[in-house]
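Heads up: the protein sequence lines correspond to chains F and R, in order. Note that our numbering numbers the first sequence so that position 32 is 32, with each residue one more than the last. Note that our numbering numbers the second sequence so that position 78 is 78, with each residue one more than the last.
Rather than coming from a laboratory, the hints here were simulated on the basis of the structure. Treat the hints with caution; some may be incorrect.
Below 27 Å or equal to it, Euclidean Cα-Cα: the simulated BS3-like pairs (lysine-lysine) are [said to hold, decoys possible]:
{"#": "1", "chain 1": "F", "residue 1": "228", "chain 2": "R", "residue 2": "5"}
{"#": "2", "chain 1": "F", "residue 1": "21", "chain 2": "R", "residue 2": "145"}
{"#": "3", "chain 1": "R", "residue 1": "172", "chain 2": "F", "residue 2": "230"}
{"#": "4", "chain 1": "R", "residue 1": "65", "chain 2": "F", "residue 2": "21"}
{"#": "5", "chain 1": "F", "residue 1": "4", "chain 2": "F", "residue 2": "97"}
{"#": "6", "chain 1": "F", "residue 1": "214", "chain 2": "R", "residue 2": "5"}
{"#": "7", "chain 1": "R", "residue 1": "145", "chain 2": "R", "residue 2": "64"}
{"#": "8", "chain 1": "R", "residue 1": "156", "chain 2": "F", "residue 2": "225"}
{"#": "9", "chain 1": "R", "residue 1": "65", "chain 2": "R", "residue 2": "53"}
{"#": "10", "chain 1": "F", "residue 1": "202", "chain 2": "F", "residue 2": "190"}
{"#": "11", "chain 1": "R", "residue 1": "65", "chain 2": "F", "residue 2": "61"}
None of the values given here were measured: they were computed from a predicted structure.
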Amino acid sequence: MTYKTRADGRKFDETRKIEAKVGIIPNADGSAYFKIGNTWAYAAVYGPRNLHPKFLQDPSKGILRCNYNMMPFSSSGERVRPGGSRRSKEISMVTEKALLPVLDLVEYPNSVVDVFIELPQTEAGSRCAGICAASMALADAGLAMKDLVAAISVGRVDDKIVVDLNYLEESYPDGPVADIPVAMMPNQGKITLLQMDGLISKDNLKKALEMAKKACKDIYEIQKKALKEKYRTEAEEQV
Amino acid sequence: MSEIKVKDKDIVVPGEVVALGMDIFPGSGTYREGENIISARLGLVQIDGRTIKLIPLSGRYIPKKFDTIICKVTDVSLNGWRLDTNSPYQAMLPMKEATSQFIPRGADLTQFYDIGDYIVCKIFNVTSQKLVDVTMRGVGLSKLKGGRTIQVESNKVPRIVGKQGSMVSMIKDATGCNIIVGQNGLVWINGTPENELLAIKSIRKIEEESHLSGLTDKIKEFLDNGKAKPSV
Numbered sequence: 001m002t003y004k005t006r007a008d009g010r011k012f013d014e015t016r017k018i019e020a021k022v023g024i025i026p027n028a029d030g031s032a033y034f035k036i037g038n039t040w041a042y043a044a045v046y047g048p049r050n051l052h053p054k055f056l057q058d059p060s061k062g063i064l065r066c067n068y069n070m071m072p073f074s075s076s077g078e079r080v081r082p083g084g085s086r087r088s089k090e091i092s093m094v095t096e097k098a099l100l101p102v103l104d105l106v107e108y109p110n111s112v113v114d115v116f117i118e119l120p121q122t123e124a125g126s127r128c129a130g131i132c133a134a135s136m137a138l139a140d141a142g143l144a145m146k147d148l149v150a151a152i153s154v155g156r157v158d159d160k161i162v163v164d165l166n167y168l169e170e171s172y173p174d175g176p177v178a179d180i181p182v183a184m185m186p187n188q189g190k191i192t193l194l195q196m197d198g199l200i201s202k203d204n205l206k207k208a209l210e211m212a213k214k215a216c217k218d219i220y221e222i223q224k225k226a227l228k229e230k231y232r233t234e235a236e237e238q239v
Numbered sequence: 001m002s003e004i005k006v007k008d009k010d011i012v013v014p015g016e017v018v019a020l021g022m023d024i025f026p027g028s029g030t031y032r033e034g035e036n037i038i039s040a041r042l043g044l045v046q047i048d049g050r051t052i053k054l055i056p057l058s059g060r061y062i063p064k065k066f067d068t069i070i071c072k073v074t075d076v077s078l079n080g081w082r083l084d085t086n087s088p089y090q091a092m093l094p095m096k097e098a099t100s101q102f103i104p105r106g107a108d109l110t111q112f113y114d115i116g117d118y119i120v121c122k123i124f125n126v127t128s129q130k131l132v133d134v135t136m137r138g139v140g141l142s143k144l145k146g147g148r149t150i151q152v153e154s155n156k157v158p159r160i161v162g163k164q165g166s167m168v169s170m171i172k173d174a175t176g177c178n179i180i181v182g183q184n185g186l187v188w189i190n191g192t193p194e195n196e197l198l199a200i201k202s203i204r205k206i207e208e209e210s211h212l213s214g215l216t217d218k219i220k221e222f223l224d225n226g227k228a229k230p231s232v
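Isolated chain F, as found in the complex:
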């Protein structure tokens, strides 16, 4: 049996519907949400700010701290136990590593930039949505960045290569599946996050990464628009 059409009627290289907005949390120095299908990620950035305990400070540059958290009611199945888990700890770590290459924190020695990613509802691709939201929030916080980071999951469902797997595809029962979250600097074409769950051949992986590259460029345009929108509306409302 082959995988002919996608469960939600999308094309194989089409992402779910994306919505992005910047400046949603007034208390934070920078904030954004990124909604892709039923996966919603909210990111808030605080800092650069004073870092304690002191032994964590780095005198040569500021540090980045990410915190990924799924809310208890966020999954469609069982309640997610609140607080950190092994999974959330790992995702916080990979998010941090995906964002760090674009940031320039040498201007802020001994300080910290905190990124909080909260997910009120999830349906596959949550780490990618989190990274997209966090990178917009970091730009909104006015930090020096080489590029934004866009992320998307690609993969294979049975014999097809697809972009942005949803939960049904991730858990496709009738054939092998590979789920590959990719984060990229869209303008430089460099990859900052690459993980995989499942099996895929070398050729298919290359094809999948090409598709990810294209999808990331599209996401970058959405991020760009959302960032410009915040300052543009402020300017145009008064005219």
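Starting from the known structure of chain F, arrange chain R on it as the hints suggest.
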């Protein structure tokens, strides 16, 4: 073969190509990658001859030499005061920079500035590790008595002050308040309660509409309207 891809006062995001070609120079907030000049932050484009620079629209205050700032005293030690600067870094006010008075050995330093006091001071040194030293010696540097302190975005301080202080003196004249604007985004206002509120409202308005032209006229109108009604 050079080409500037953006207009003056455009908003650009990180990673956006702002110009092509080697005879255009990257200013602050941009960097060169090959032949391209790329934006390195969210900001407003300013084209200055052949240089392109970005004016930041957001971000925390970072201490800079010779800035006059408003600080809160957080700690009193043997040889001076520790201050909160509304930035990631604390400042140190050494005893000899604190006042022109003679401070005898072993004196109780809280009689000059106590914890929780707000003071106006000037940064006279910032090290590479962002150790900040401030001084109180100079014109207009003193402890703030009475009034209220509000926090604004530090990137908008230049708009609140205006050209040669035109904006802030307009608010001062209209409300009769004493106003001191610190570069770090703290603003101290002292007057009658109604006038203080009017001054705060107009400052918030400037903050919201800071990237619009004709701001001075709008604020003037706002202040006139505010004064005509019996203020709330």
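Each hint, compared with the structure:
Between the alpha carbons of residue 228/F and residue 5/R the distance comes to roughly 16 Å, so the proposed pair stays at or under 27 Å and holds. A C-alpha spacing of about 42 Å is found between residue 21/F and residue 145/R, which places the hinted pair above 27 Å, so the restraint is violated. At roughly 31 Å between alpha-carbon atoms, residue 172/R and residue 230/F are farther apart than 27 Å, so this suggested pair is violated. For a cut-off of 27 Å, the pair hint linking residue 65/R to residue 21/F is broken: about 36 Å separates their Cα positions.
For the suggested pair residue 4/F and residue 97/F, the alpha carbons sit about 36 Å apart, so the restraint of at most 27 Å is broken. For the hint pairing residue 214/F with residue 5/R, the CA-to-CA distance comes to about 23 Å; that is within 27 Å, so the pair holds. With a C-alpha separation of about 26 Å, the suggested pair residue 145/R and residue 64/R falls inside the 27 Å cut-off, and the hint holds. Distance check on the hinted pair: residue 156/R and residue 225/F sit about 23 Å apart at the alpha-carbon level, within 27 Å; holds.
Note on residue 65/R and residue 53/R: the hinted pairing holds, with a Cα-Cα distance of about 21 Å set against a maximum of 27 Å. Between the alpha carbons of residue 202/F and residue 190/F the distance comes to roughly 19 Å, so the proposed pair stays at or under 27 Å and holds. Only pairs whose Cα atoms come within 27 Å are accepted, and residue 65/R paired with residue 61/F is accepted, the gap being roughly 20 Å.
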